[in-house]
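8 protein chains.
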Amino acid sequence: MQEADLRELLDGVRSGAVAPDDAVRRLRRLPYTDLGFARVDHHRALRQGMAEAVYAPGKAPEECAAIVSTLRADSDAGPIVLTRAEPDQVAAALAAQPDGVSHPGQPATVVWDPAPERPERVALVTAGTADGPVARECAAVLVAHGLTPKVINDVGVSGLHRLLASIDDLADADALVVVAGMEGALPSVVAGLVAAPVVAVPTSVGYGAGLDGVTALLSMLSSCAPGVAVVGIDNGYGAACAMVRLLGVGARR
Amino acid sequence: MQEADLRELLDGVRSGAVAPDDAVRRLRRLPYTDLGFARVDHHRALRQGMAEAVYAPGKAPEECAAIVSTLRADSDAGPIVLTRAEPDQVAAALAAQPDGVSHPGQPATVVWDPAPERPERVALVTAGTADGPVARECAAVLVAHGLTPKVINDVGVSGLHRLLASIDDLADADALVVVAGMEGALPSVVAGLVAAPVVAVPTSVGYGAGLDGVTALLSMLSSCAPGVAVVGIDNGYGAACAMVRLLGVGARR
Amino acid sequence: MQEADLRELLDGVRSGAVAPDDAVRRLRRLPYTDLGFARVDHHRALRQGMAEAVYAPGKAPEECAAIVSTLRADSDAGPIVLTRAEPDQVAAALAAQPDGVSHPGQPATVVWDPAPERPERVALVTAGTADGPVARECAAVLVAHGLTPKVINDVGVSGLHRLLASIDDLADADALVVVAGMEGALPSVVAGLVAAPVVAVPTSVGYGAGLDGVTALLSMLSSCAPGVAVVGIDNGYGAACAMVRLLGVGARR
Amino acid sequence: MQEADLRELLDGVRSGAVAPDDAVRRLRRLPYTDLGFARVDHHRALRQGMAEAVYAPGKAPEECAAIVSTLRADSDAGPIVLTRAEPDQVAAALAAQPDGVSHPGQPATVVWDPAPERPERVALVTAGTADGPVARECAAVLVAHGLTPKVINDVGVSGLHRLLASIDDLADADALVVVAGMEGALPSVVAGLVAAPVVAVPTSVGYGAGLDGVTALLSMLSSCAPGVAVVGIDNGYGAACAMVRLLGVGARR
Amino acid sequence: MQEADLRELLDGVRSGAVAPDDAVRRLRRLPYTDLGFARVDHHRALRQGMAEAVYAPGKAPEECAAIVSTLRADSDAGPIVLTRAEPDQVAAALAAQPDGVSHPGQPATVVWDPAPERPERVALVTAGTADGPVARECAAVLVAHGLTPKVINDVGVSGLHRLLASIDDLADADALVVVAGMEGALPSVVAGLVAAPVVAVPTSVGYGAGLDGVTALLSMLSSCAPGVAVVGIDNGYGAACAMVRLLGVGARR
Amino acid sequence: MQEADLRELLDGVRSGAVAPDDAVRRLRRLPYTDLGFARVDHHRALRQGMAEAVYAPGKAPEECAAIVSTLRADSDAGPIVLTRAEPDQVAAALAAQPDGVSHPGQPATVVWDPAPERPERVALVTAGTADGPVARECAAVLVAHGLTPKVINDVGVSGLHRLLASIDDLADADALVVVAGMEGALPSVVAGLVAAPVVAVPTSVGYGAGLDGVTALLSMLSSCAPGVAVVGIDNGYGAACAMVRLLGVGARR
Amino acid sequence: MQEADLRELLDGVRSGAVAPDDAVRRLRRLPYTDLGFARVDHHRALRQGMAEAVYAPGKAPEECAAIVSTLRADSDAGPIVLTRAEPDQVAAALAAQPDGVSHPGQPATVVWDPAPERPERVALVTAGTADGPVARECAAVLVAHGLTPKVINDVGVSGLHRLLASIDDLADADALVVVAGMEGALPSVVAGLVAAPVVAVPTSVGYGAGLDGVTALLSMLSSCAPGVAVVGIDNGYGAACAMVRLLGVGARR
Amino acid sequence: MQEADLRELLDGVRSGAVAPDDAVRRLRRLPYTDLGFARVDHHRALRQGMAEAVYAPGKAPEECAAIVSTLRADSDAGPIVLTRAEPDQVAAALAAQPDGVSHPGQPATVVWDPAPERPERVALVTAGTADGPVARECAAVLVAHGLTPKVINDVGVSGLHRLLASIDDLADADALVVVAGMEGALPSVVAGLVAAPVVAVPTSVGYGAGLDGVTALLSMLSSCAPGVAVVGIDNGYGAACAMVRLLGVGARR
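Chains as they are written, first to last, in numbering that gives the first Met the number 0: chain A, 0 to 252; chain B, 0 to 252; chain C, 0 to 252; chain D, 0 to 252; chain E, 0 to 252; chain F, 0 to 252; chain G, 0 to 252; chain H, 0 to 252.
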């Protein structure tokens, strides 16, 4: 997959330094460690520019710990994030790798080896206080990548003056994550006010006809403001990753 | 059902003016005309304070004409509205009752004997030009009841400055019908700006994930602005009727 | 947003009494208090004619208390309603602001500073005893606004004689909230009997094919009685707010 | 499957009149005719007490004709019904078997060899004129079985007085088919008024949130009146068959 | 509603024995008792030929007891059924009215004053052992009406020989309730074997794509065997009531 | 159903060795044992080539034990599998029949009398560690039939190099079960790489818009790789049975 | 991807016969032809053991012709199938490649270069005549692979005797495709009668609550007969491909 | 909304150059032109950095022409895009403004005044040829903004070698739009291969269980590759706008 490596390998074959059978074997020997219960991927940071995430649900506490430890044993690994972890999973992982940091107000997300600060300004906007847990998961993953978001809380569309009061913060942002449940209208309004990219996160917050976030999801996908990009329900982690991907464009060019 | 009538009838029985058998028969003889294919209701205006509507789909043109004629033959009938009529249904009804008026830009709705002008101010707000047909059906039915709505078009939430430019019109309205498709966010924003009643009409306008109006419907039912009342998809007629009901409260008191 | 205030401010600028920079700042200084975790809106009562509601789910008990206290600190605030609160949230809020009143039979709803009695007659109709909690949430919010509803319980359409026995109460009402689960047919029947506005509340009561209230919701939105206005599933609070909005029309004119 | 036939066959085997191999073959030779494109079932009338129906959609006109002819060639066959036929299918079938009769107002249903009149009284109740086609399909199939329904049209629940005016007809019926679209509330109300069986047929009539009959279907399945039995959307044929089944209980006992 | 009563009342008015105002009042005084939290209907047995059911969910234990006691205080009441009751509700009701009987294997259903035995033969067929609770609720309600069903368990369509082994029992039944979850195919097969009425009950049993009974429900409504009548998911009570309604036809004629 | 048995029986009738009435009775006496609460099927192994499975949910522990014991009492029975059993059900069954074996890592599945080893190579591929329980249920049932699957874990499509690293194992398999949640893309990719049959199992693993496995299910059914066959959500047991069926083709020919 | 080719290439590099840059280029030069509007895959037959299919919808007639011609230009290509083609697409393809054969009764499917006859016996079973088009698409693709299915039509579960009459044909089949709409019960019954693999195809045939095939699809996925494998709605092509995959197991071993 | 403008206005008020009433009026006079049937927004380019789009459905041809002309009359306007236009709408717009350009292969999209070329490299990847129309709509809108996408067609996941053959093009892109119908798996695979932002567009292409694009939509939202951002079904326009937003980050910094 990495063309340079491939060519070097083939040069080695040509020169006789590498036997064809070895080459075949090495082409197969890909950069992951097989722990039996999981294949730990060492080079995702390299390939994708983003932290390796360990999604905790369904894993034993000691499995969480083992995966985190395996990842950190690789000197090249970037930041590591443990997400949606129960307290015993967090405890096991921190016992094995004590220098991780739980995110304030979101203990289910733990970060090791966060990336250095980056200059881009990300706004993290929520419609209501109940959207907080999803927003904090997003914030934790942003921080892991060196991005400290500007948080703008509780500016749902039924109180426009609260949103308009934050219009400078919205306008100053390089990119915005907008988190909303219920009718999910906030991303449409925000995307009508700014030229920056808007990643919308529907949350399962709401009642009446919220359908556990499906209403907000559909609403965001149908936004009358062009160019709103949407991730799955309650997926603060995914929104942060989308943000890291898109901010990387300018950084790489 | 009308207590006064019932008492009068019973007084008649007591005084011997009405034989018990006749009373039973009269209690059964309710105020409708049975045309065979339909039971035409003469007293809905009395009972419900709103026009008698003839819903055209599924009726033969001559049936539409017959029902309209039967209704008008009753001297007490209020306004009459033919809704969702095809051109041949409209033609047949107007041939039989030539003084009906098609609504401008909405030929499928015809009104006879509109009520006199009423003083209440109704705002009829649409998110986009594509919501026009539904809004015009609503307007036609409002006009039939003596209400000429103030129309505010094309003020969807992705261009807040267009909405805010109409804020005086919104604030001046006694009541508002808000028509929107796509993500259906407009009623939430409007209801956050005014204290007046907001009747929201989802439309089947949109693409992407609009699901033929279901997204807008769910969104309106989940509004973060309290007290938004919703009618069915594309149901401009129903919204007008809801408006007539609610404006009647002040008129009656 | 308040034109008079804006003009006064601009007059101040013209006269030199207000520096342009101050004006910009004041235009931004909108009537809410930022508690960090929430933006408490002081002027919703002014703008929307309805109580400020504190929606408890997802808030810490002390956050509930703090928001209620902040709202009451504003001398202009109208009634305040804490909704869907758990016992510890209720306890914290009442500890901080002891003169709140829990609604009878609905301890999750607490009201402070209810509005004075109003003359309009609201009927609150339920199809069955299981609809009670939703109806009581609605009643609590109505009471907060000075409206004591006439409650008509257990008049579902499968026992028409029970409904007809209450026909005077239905006819006397200025406006009606109709609460029903299962097949949600009651609003259609009631709206066929009265000319007053009907706000329908589907409940998640039922079994068989009730789909947690979706069946009742769809049924109400498809009502063959024109002009039924619908709020979300189990949303007694929203129905009360819709009622406050619509009764305000006559009051304001 | 017919125990008497089976025993006769086995007696024949025992007596030597039937060779075992023949018995096996005869056990396999079941009472249908294989036309290649269809297996025409001769004994459904015997086994199920109801007409053989030929469901036209997807069949060539000549196939419709051939199946009807094959069925009539069997002297024991009961009534035959061609359902949901296009004009060319009707024409082909009537050309082959000219003594069939199209139902008045429902040309898509043709009946041959209707059963003699039966004494049971079936009421066929519709909520609105638009439910007519489904009701007429049901009526045609009832007539094929010797049942002439009492038709009560246009008595939807939003005009209760129209329904109550027919209360004697409802009460006199041995069994009722209730056909309704939109919110599908009529069966609940009817079943609350009578002790007789109620078969409910949802129709795809309606708008707003009718979802092509799904709303009416769900509503009927969630009826607060106990013992409402439901068939599929627009399935007038199925409702008639359910009626034939249930009326057969008294006839057979 | 009862014509004889009405005529007697009017005769009384005519003769002067009843004052008109009293007549109005008596016309309003319908046969139920208002307990405040519920309207207990005394004449449902008369009007509908079926037991009065007390649906327990959402009622306090003492409310269950009070309703049962009120019903039994009416000397004319038929059987009484308490359904879906929790142990404390059962205990309270039995403490107040000790001669009720819990159904074997279904303690949530309690019956008082069961009707005398009736001669009709009802078969109660289940696809699997997991459908048992729904079938037993149905059986309890049948027993309350004097019908002891013949139970045929565990004859799902994937083992046709088990079903065919019971073919005599199926053929002997006057009417059948067929209870099935998963793919809900059993009613289609049974209705193809018998001419008797088939009431199908989908259950929420299953996995894979059972969708909590929706798959079985849709399957039964789409049955290729004509005349299958369906009730809601897990609604054993409703199926029994449908059975009582349909068996009443022969009994009454 | 078994033609040879039928002919022998008829020969017996012919020869007089079997009386016709006895033959009728024996034709009805089919190969199952009726335990009252369940009909235990002895010949499924013969008829279907697969283990008899006892689906535990909804059965009492002693019922589980009784069914397993009854099955094993039949000397011809093949392997027996107890599935989705709670610990007390497992304990009861193992107390009665101690030589059963719980599957490693999947104690809810117990196997008695596993079939001898078979030579076909089955690959069992999972997208992520969270798919493990479903995969292990599948593995347990495969082992019961003599098939020890080659397990390939954690090769989801977002890390193609991990999947490609296992390409030899995929290519070597006679047949593959592919288990995936979330977007369910893995079967499409695998089926594009191999000519062998692919049975896809959607799992309820995921978040965002996974809808409890419905997304993966729909995705697999829409696969752009032709010939993917799908079983229900989380149905590892069904996938193993499909595998046993299809591998039987070559074995039988 | 083909290990042998890879090793040969690397041997060539080692020996100097292939320059590393050339090797990289050749590793990239994969076996397809890029026509600009499509990438025509020459080696699918090799890799997947099944015909190359050209799915016509959305392609211009001349594009269909060009793709078929390109595929046939490759001497190694196996059978080629054009599916779901409109008449003009068929005409264009046959003009370019005249020796293709349209399937009888299914002109939308054209086959070139069918594989030689294979010995396996495939049964193709339909529930009703309306399932014919889907079955014929399946048959056409089977024929392309050398498999002439035994067709068993019109054996839906509501007439069990018709199905049982074909029981020998079912039992003789090596594998079965079962095609059914409406309630989709047929695969459950068939899979209970045979040990062979059953591939179930839901069709969009039906009315009432068939939901365009979704009911049949869900029903098949929830089958109580273990090991039914399902493909998408109306996907006769996919069922044939699944059949080719599974029959290949025995052929290859 | 533009702070600088606001301050200048207030400075004018202070200096007396602007009367307060004029200021109020000017604050209301926002930058759009009201054509009656639509409010044409002149400054969206300024505010959002993207073309003004005229969505044609529901607009008369002359309305399309008038809106395009009004927009172009504003000297500051950026590019203008007419989308989803019928031929008569295109003709009318081009008659009024002849220098527009229809996109090759996508005549429904017309562009005026495209932005100058930009250096960022956008890859536009499709799973199959049937995704072409959606991709071309996206391409047209990208071109309007100065972005000429690199198109990579027909690389669906069932033929991985075709995708891997384009791996350099994928790796070289600054950002990718990935368009796919059916199971929608392509964005997951692509996002696992690259670090760049991936905007996924589900299309309504497919059959079997594609549900008009809902399956692909859900699949993309559930992607196991982190950071995939999704727009609505068939919304090529929206994907292009999302791309313009995100590429603007680097451009602006």
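In case anyone wonders, no lab produced these hints; they're calculated from the structure. Heads up, a few of these hints could be off.
[Claimed, not checked] Derived list of chain D stretches under chain E, where covered just means 3 residues or more per stretch with a C-beta under 8 Å from a C-beta of chain E:
| no. | segment |
| --- | --- |
| 1 | 85-91 |
| 2 | 194-202 |
| 3 | 240-251 |
[Claimed, not checked] Label-pair ranges, simulated between beta-carbon atoms:
| no. | chain 1 | residue 1 | chain 2 | residue 2 | range |
| --- | --- | --- | --- | --- | --- |
| 4 | F | Ala18 | G | Arg252 | 20 to 28 Å |
| 5 | H | Pro97 | B | Lys149 | 32 to 40 Å |
| 6 | C | Gly104 | B | Pro106 | 35 to 43 Å |
| 7 | E | Ala18 | C | Ile166 | 50 to 58 Å |
| 8 | G | Ala250 | H | Pro103 | 56 to 64 Å |
| 9 | H | Pro86 | B | Ala72 | 43 to 51 Å |
| 10 | C | Asp211 | F | Ala18 | 56 to 64 Å |
| 11 | D | Glu85 | B | Val100 | 35 to 43 Å |
| 12 | B | Ala72 | E | Arg252 | 52 to 60 Å |
| 13 | B | Pro106 | D | Lys149 | 36 to 44 Å |
Ideal Cβ placement from N, Cα and C applies to all residues, glycine included.
Task: Verdict on chain E covering the segment 194-202 of chain D, where coverage means 3 or more residues with a C-beta closer than 8 Å - done: n = 5 at 8 Å, threshold three: holds.
Task: C-beta pair Ala250/G, Pro103/H: status relative to the range 56 to 64 Å that was hinted - done: Given about 47 Å between the Cβ atoms, the range is violated.
TODO: Given the hint of 56 to 64 Å, check if Asp211/C and Ala18/F actually sit that far apart at their C-beta atoms.
DONE: 60 Å, holds
Open item on the list: Can you tell me whether the CB distance of Ala18/E to Ile166/C sits inside 50 to 58 Å?
Closed with: Roughly 21 Å apart at Cβ, these two residues miss the hinted range, so it is violated.
Task: Status of the given 36 to 44 Å range, CB of Lys149/D versus CB of Pro106/B - done: Distance hint for Pro106/B, Lys149/D holds at roughly 40 Å.
TODO: Go ahead and decide if the range 35 to 43 Å is satisfied by the Cβ distance of Gly104/C to Pro106/B.
DONE: 53 Å, violated
Task: Consistency of beta-carbon spacing, Val100/B to Glu85/D, with hint 35 to 43 Å - done: About 40 Å separates the Cβ atoms of Glu85/D and Val100/B, which means 35 to 43 Å holds.
TODO: Given the hint of 52 to 60 Å, check if Ala72/B and Arg252/E actually sit that far apart at their C-beta atoms.
DONE: With a Cβ separation near 43 Å, Ala72/B and Arg252/E fall outside 52 to 60 Å, so the hint is violated.
- [ ] Count the residues of the segment 240-251 of chain D whose CB lies closer than 8 Å to any CB of chain E, then report whether that count reaches three.
- [x] holds (count 12)
Task: Lys149/B and Pro97/H - C-beta distance against the hinted 32 to 40 Å - done: 39 Å, holds
Task: Status of the given 20 to 28 Å range, CB of Arg252/G versus CB of Ala18/F - done: 50 Å, violated
Open item on the list: At least three residues with a C-beta closer than 8 Å to a C-beta of chain E: is that true for the segment 85-91 of chain D?
Closed with: n = 0 at 8 Å, threshold three: violated.
Hints 1, 4, 6, 7, 8, 12, counting from the list given before, are not met by this structure.
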